[in-house]
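Spelled out, the chains give:
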Amino acid sequence: MFKGPADTRTDAAMSDLVPEPRQKPVVPMKPVSINSNLLGYIGIDTIIEQMRKKTMKTGFDFNIMVVGQSGLGKSTLVNTLFKSQVSRKSSGWSREEKIPKTVEIKAIGHVIEEGGVKMKLTVIDTPGFGDQINNENCWEPIEKYINEQYEKFLKEEVNIARKKRIPDTRVHCCLYFISPTGHSLRPLDLEFMKHLSKVVNIIPVIAKADTMTLEEKIEFKQRVRKELEVNGIEFYPQKEFDEDLEDKTENDKIRQESMPFAVVGSDKEYQVNGKRVLGRKTPWGIIEVENLNHCEFALLRDFVIRTHLQDLKEVTHNIHYETYRAKRLNDNGGLPPMTVETEENHESNL
Amino acid sequence: MDSEYVKGEGCRTVPLSGHVGFDSLPDQLVNKSVNHGFCFNILCVGETGLGKSTLMDTLFNTKFEGEPASHSQPGVKLKSNTYDLQESNVNLKLTIVSTVGFGDQINKEDSYKPIVEFIDAQFEAYLQEELKIKRVLHNYHDTRIHACLYFIAPTGHSLKSLDLVTMKKLDSKVNIIPIIAKSDAVSKSELTKFKIKITSELVSNGVQIYQFPTDDESVAEINGTMNAHLPFAVIGSTEEMKIGNKMMKARQYPWGTVQVENEAHCDFVKLREMLIRVNMEDLREQTHARHYELYRRCKLEEMGFKDTDPDSKPFSLQETYEAKRNEFLGELQKKEEEMRQMFVQRVKEKEAELKEAEKELHEKFDRLKKLHQDEKKKLEDKKKSLDDEVNAFKQKKTAAELLQSQAQQAGGSQTLKRDKERKNFF
Chain A
1 MFKGPADTRT
11 DAAMSDLVPE
21 PRQKPVVPMK
31 PVSINSNLLG
41 YIGIDTIIEQ
51 MRKKTMKTGF
61 DFNIMVVGQS
71 GLGKSTLVNT
81 LFKSQVSRKS
91 SGWSREEKIP
101 KTVEIKAIGH
111 VIEEGGVKMK
121 LTVIDTPGFG
131 DQINNENCWE
141 PIEKYINEQY
151 EKFLKEEVNI
161 ARKKRIPDTR
171 VHCCLYFISP
181 TGHSLRPLDL
191 EFMKHLSKVV
201 NIIPVIAKAD
211 TMTLEEKIEF
221 KQRVRKELEV
231 NGIEFYPQKE
241 FDEDLEDKTE
251 NDKIRQESMP
261 FAVVGSDKEY
271 QVNGKRVLGR
281 KTPWGIIEVE
291 NLNHCEFALL
301 RDFVIRTHLQ
311 DLKEVTHNIH
321 YETYRAKRLN
331 DNGGLPPMTV
341 ETEENHESNL
Chain B
1 MDSEYVKGEG
11 CRTVPLSGHV
21 GFDSLPDQLV
31 NKSVNHGFCF
41 NILCVGETGL
51 GKSTLMDTLF
61 NTKFEGEPAS
71 HSQPGVKLKS
81 NTYDLQESNV
91 NLKLTIVSTV
101 GFGDQINKED
111 SYKPIVEFID
121 AQFEAYLQEE
131 LKIKRVLHNY
141 HDTRIHACLY
151 FIAPTGHSLK
161 SLDLVTMKKL
171 DSKVNIIPII
181 AKSDAVSKSE
191 LTKFKIKITS
201 ELVSNGVQIY
211 QFPTDDESVA
221 EINGTMNAHL
231 PFAVIGSTEE
241 MKIGNKMMKA
251 RQYPWGTVQV
261 ENEAHCDFVK
271 LREMLIRVNM
281 EDLREQTHAR
291 HYELYRRCKL
301 EEMGFKDTDP
311 DSKPFSLQET
321 YEAKRNEFLG
331 ELQKKEEEMR
341 QMFVQRVKEK
351 EAELKEAEKE
361 LHEKFDRLKK
371 LHQDEKKKLE
381 DKKKSLDDEV
391 NAFKQKKTAA
401 ELLQSQAQQA
411 GGSQTLKRDK
421 ERKNFF
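Residue numbers (full-length UniProt numbering), protein chains in the order written: chain A, 1 to 350; chain B, 1 to 426.
Chain A with its partners taken away, still in its complex shape:
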């Protein structure tokens, strides 16, 4: 506006108010990566053993939730999966016990050990889900429980004096039991999975699959897959979290062919061909649980426990938990959701 010598006076005075930026330490921060050829054995690969020993000493947590209408064989399946009585079966409601009015959440923890590996397994049961006449919003208590676990972890994480190992109660895996109607998914199934696939890893399973013939099974699975896709439900393993090509091809096969697993559970053993196997005895034969020709239990077990257990935990921690945290921190400040860039802009104004 006004030009002239008087203006520079104002400028000089203004710069007195803005403090000078703090001296940054004189250190070259950008490292250069080069590949070095090794002329002899150093021993870097021993870190694998070191890491393995450490993790075995600290032990593992795994929290699995089972959701489905009562009578679909949830507890039996979990017991079969972990070959022990980790879930108490509710063998029908006696006349004195009432059906729970709302969905209850029951978490029971056990410690199981195998091959030197100690695992704290927590099975979270949801009795009452889908059992009322009006099942509107019956997924809400479940969603609330899952978010509460994230909240607990977050609170521990933001403490000033943190625990060395934050107890992990977050739900790593949610097995959703689909009723083997043979037709299609029920509206309740779709609603539940739509809401919860965003906060937890959902693995849909077709329960009591011994009521379907092979053809019915294949058709039903195809229909279910299609319906899930049409409704935009991303079940575990989610396409967007495939880390590399190897993962993608492996997971694609599982997503497009095997899932949802049609399973049969049992904790009774029978003699078949000289071997003792877990199975269900019917007048027309013995259904062997671990026989791949009979049902896909073995696939589910290998998938959840033997190959993808760690991945389930990592996706829960790195993606679902982080999403919850980011949302929580944004809401808590009452400020409009800020991207990281905006934060950096503010910092540069310091």
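Please note that a few of the clues may not be correct.
Below, simulated EDC-like cross-link-like pairs (lysine to aspartate or glutamate); rule was C-alpha separation at most 16 angstroms, straight line [what the hints assert, rightly or not]:
#1 A:Lys83 to A:Asp267
#2 B:Lys32 to A:Asp247
#3 B:Lys32 to A:Asp244
#4 B:Lys32 to A:Glu246
#5 B:Lys132 to A:Asp244
#6 B:Lys32 to A:Asp267
#7 A:Lys53 to B:Asp110
#8 A:Lys53 to B:Glu293
#9 A:Lys54 to B:Glu293
#10 B:Lys32 to A:Glu314
#11 B:Lys132 to A:Glu49
#12 A:Lys253 to A:Asp242
#13 A:Lys54 to B:Asp23
#14 A:Lys57 to B:Asp23
#15 B:Lys93 to A:Asp45
#16 B:Lys134 to A:Glu322
#17 A:Lys226 to A:Asp242
#18 B:Lys77 to B:Asp110
#19 A:Lys164 to B:Glu293
Calculated from the model, a selection of chain A residues having no Cβ within reach of chain B, i.e. all distances over 10 angstroms [unchecked claim]:
#20 Ile44
#21 Gln50
#22 Glu104
#23 Gly109
#24 Gly128
#25 Asp131
#26 Glu136
#27 Ser184
#28 Lys198
#29 Lys217
#30 Phe235
#31 Gln271
#32 Trp284
#33 Asn293
#34 His320
#35 Glu322
Stretch-level coverage of chain B by chain A, calculated; a stretch enters the list once three of its residues show a Cβ under 8 angstroms from a Cβ in chain A [claimed, not checked]:
#36 11-25
#37 130-139
#38 166-179
#39 381-394
Worth flagging that the hints you see were computed from the coordinates, not collected in a lab.
By construction, the Cβ of each residue, glycine as well, lies at the ideal position given by its N, Cα and C atoms.
The hints should help you fit chain B onto chain A, whose structure is shown.
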């Protein structure tokens, strides 16, 4: 402590009736880590010329780049280089940070400061990432220093005061492993005495050096014995000589050859065992669980956060953080307002000044104009009077001429006289 965790909260152990398969869990975990790659960051602190770069080359069997530093550095600086190493299926991102110019200055009071600042800067970077709203911690390139090798000059007597001061400043921030550099300059008997002296000086000054962990039975024994051999007396060499019928790393002197990997000659093998083959993971864990947590706690407390009861305020950290940020933004806004006010004020003042000046100018102009008009009027008056005089004169002239012509007509003889008179008259 771990068994407490496992048995706590009323969890009972349940027996398994068959093979479940979660014993593959450590393998799953390890496979994921291998796919991800590992980071390891070493800081070498020591005077110029103690063989830091050579030792790194020897440890990792490779020639890292770099020329030797000069002794004339004005201050202590840190030089950092990152390398990608691969062995079987393990990818290691190794970062080696060396001090440049340490111990060369005349006044070494502030020598330790750049080192402490560097270590803190790495912690700060991690903390900032951890506090972000949208963060990617699992893909974060960890630059925190996992091990600090402190190079002690092989004087054979004791630690220098610079060494004690620096180590004291660093012991709560990083895992310190003291080593005696160029230990072929010290004879074996002197070496034992030297080590004892160093250890006692460290203890009496309360310097906490890194102790190899002895809680795991498989490594407790070896770590225990190694702890007794600290500080390691090492020699570095990348030159290979033929000794016997094998090629070995060695240093050749006229009086004999010092073999680097011979445990009777120096402790290099012990250092390599401890640093890489046995305790690399523990070093990383200690850095994260102890040193980083300490830094984080101090930094957050410094910023004014406090842990309140879990029931009263659920999010003390985040709320206070947001509150502080709002406070800061508020202050910033206030300052901005102030500056704006001041600016507006000055603008007003300036405007007033200039208006004054304008007014003055106008007045001046008016005055001048008036002066000018006055002058003009005076001049016109003068001109008028002059004109009047001229007119008067002209009238007189014509009157005179008229009289003269009348007189001429009246007497012609008198013309000569009159001519003369006339001529005299004019």
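Consistency of the hints with the structure:
1. Distance hint between Lys83 of chain A and Asp267 of chain A is fulfilled; the C-alpha atoms sit about 8 angstroms from each other, no more than 16 angstroms.
2. Proposed proximity of Lys32 of chain B and Asp247 of chain A is supported: the alpha carbons are some 11 angstroms apart, at most 16 angstroms.
3. About 12 angstroms separates the Cα atoms of Lys32 of chain B and Asp244 of chain A, which keeps this hinted pair within 16 angstroms; it holds.
4. Of the supplied pair hints, the one linking Lys32 of chain B and Glu246 of chain A holds, its CA atoms being roughly 13 angstroms apart against a limit of 16 angstroms.
5. At roughly 26 angstroms between alpha-carbon atoms, Lys132 of chain B and Asp244 of chain A are farther apart than 16 angstroms, so this suggested pair is violated.
6. For the suggested pair Lys32 of chain B and Asp267 of chain A, the alpha carbons sit about 33 angstroms apart, so the restraint of at most 16 angstroms is broken.
7. For the proposed pair Lys53 of chain A and Asp110 of chain B, the alpha carbon gap of about 42 angstroms is over 16 angstroms, so the pair is violated.
8. Among the hinted pairs, Lys53 of chain A with Glu293 of chain B is inconsistent with the structure: their alpha-carbon atoms are about 23 angstroms apart, more than 16 angstroms.
9. A hinted pair counts as satisfied when its Cα atoms are at most 16 angstroms apart, and Lys54 of chain A with Glu293 of chain B does not qualify at roughly 19 angstroms.
10. Annotation: proposed proximity of Lys32 of chain B to Glu314 of chain A holds, straight-line Cα distance about 10 angstroms (limit 16 angstroms).
11. For a cut-off of 16 angstroms, the pair hint linking Lys132 of chain B to Glu49 of chain A is broken: about 33 angstroms separates their Cα positions.
12. Under the criterion of a C-alpha separation no larger than 16 angstroms, the hint pairing Lys253 of chain A with Asp242 of chain A is consistent with the structure, at around 13 angstroms.
13. Using a Cα cut-off of 16 angstroms, the hinted pair Lys54 of chain A and Asp23 of chain B holds, with the two alpha carbons roughly 14 angstroms apart.
14. The straight-line distance between the Cα atoms of Lys57 of chain A and Asp23 of chain B is roughly 13 angstroms, inside the 16 angstroms bound, and the hint therefore holds.
15. Straight-line distance between C-alpha atoms of Lys93 of chain B and Asp45 of chain A comes to about 13 angstroms, which keeps the hinted pair within the 16 angstroms bound.
16. Taking the CA atoms of Lys134 of chain B and Glu322 of chain A, the gap is near 8 angstroms; set against the 16 angstroms cutoff, the hint holds.
17. Straight-line distance between C-alpha atoms of Lys226 of chain A and Asp242 of chain A comes to about 21 angstroms, which puts the hinted pair past the 16 angstroms bound.
18. A distance of roughly 12 angstroms separates the Cα atoms of Lys77 of chain B and Asp110 of chain B; the hinted pair therefore holds under the 16 angstroms criterion.
19. In summary, the hint linking Lys164 of chain A to Glu293 of chain B is supported, as the alpha carbons are separated by about 9 angstroms, within the 16 angstroms threshold.
20. With a cut of 10 angstroms on Cβ distances, Ile44 of chain A falls inside the contact zone with chain B, its closest approach being about 5 angstroms.
21. The non-interface label for Gln50 of chain A is inconsistent with chain B: the shortest C-beta to C-beta separation is roughly 4 angstroms, within 10 angstroms.
22. For Glu104 of chain A, the non-interface assignment is confirmed: its Cβ lies about 19 angstroms from the closest Cβ of chain B, beyond the 10 angstroms cut-off.
23. With a least beta-carbon separation of about 4 angstroms from chain B, Gly109 of chain A fails to lie farther than 10 angstroms from that chain, contradicting its non-interface assignment.
24. No Cβ of chain B approaches the Cβ of Gly128 of chain A within 10 angstroms, the least distance being about 24 angstroms, so the stated non-interface status holds.
25. Distance to chain B confirms Asp131 of chain A as a non-interface residue, since its nearest Cβ pair spans about 28 angstroms, more than 10 angstroms.
26. Non-interface call for Glu136 of chain A relative to chain B: holds, since the shortest CB-CB distance, roughly 29 angstroms, exceeds 10 angstroms.
27. With a least beta-carbon separation of about 33 angstroms from chain B, Ser184 of chain A lies farther than 10 angstroms from that chain, consistent with its non-interface assignment.
28. Every CB of chain B is more than 10 angstroms from the CB of Lys198 of chain A (nearest about 17 angstroms), matching its label as outside the interface.
29. For Lys217 of chain A, the requirement that its beta carbon stay farther than 10 angstroms from each beta carbon of chain B is met, with the minimum near 24 angstroms.
30. No Cβ of chain B approaches the Cβ of Phe235 of chain A within 10 angstroms, the least distance being about 20 angstroms, so the stated non-interface status holds.
31. The beta carbon of Gln271 of chain A is kept farther than 10 angstroms from every beta carbon of chain B, the shortest such distance being approximately 15 angstroms.
32. Non-interface call for Trp284 of chain A relative to chain B: holds, since the shortest CB-CB distance, roughly 26 angstroms, exceeds 10 angstroms.
33. The beta carbon of Asn293 of chain A sits about 20 angstroms from the closest Cβ of chain B, which is more than 10 angstroms, so the claim that it is off the interface holds.
34. Every C-beta of chain B lies more than 10 angstroms from that of His320 of chain A, the closest at about 13 angstroms, which supports listing it as non-interface.
35. At roughly 7 angstroms from the closest C-beta of chain B, the C-beta of Glu322 of chain A falls inside 10 angstroms, breaking its exclusion from the interface.
36. As drawn, the region 11-25 of chain B meets chain A at 15 residues by the rule of a beta-carbon pair under 8 angstroms; at three or more, the given contact holds.
37. A count of 6 residues in the region 130-139 of chain B with a Cβ less than 8 angstroms from any Cβ of chain A is obtained; the coverage claim is therefore met, three being the minimum.
38. Requiring three or more residues with a Cβ within less than 8 angstroms of a Cβ of chain A, the coverage given for the region 166-179 of chain B is violated, as only 0 such residues are present.
39. Chain A is given as covering the region 381-394 of chain B, and this is violated because 0 residues of the stretch bring a CB closer than 8 angstroms to a CB of that chain, at least three being needed.
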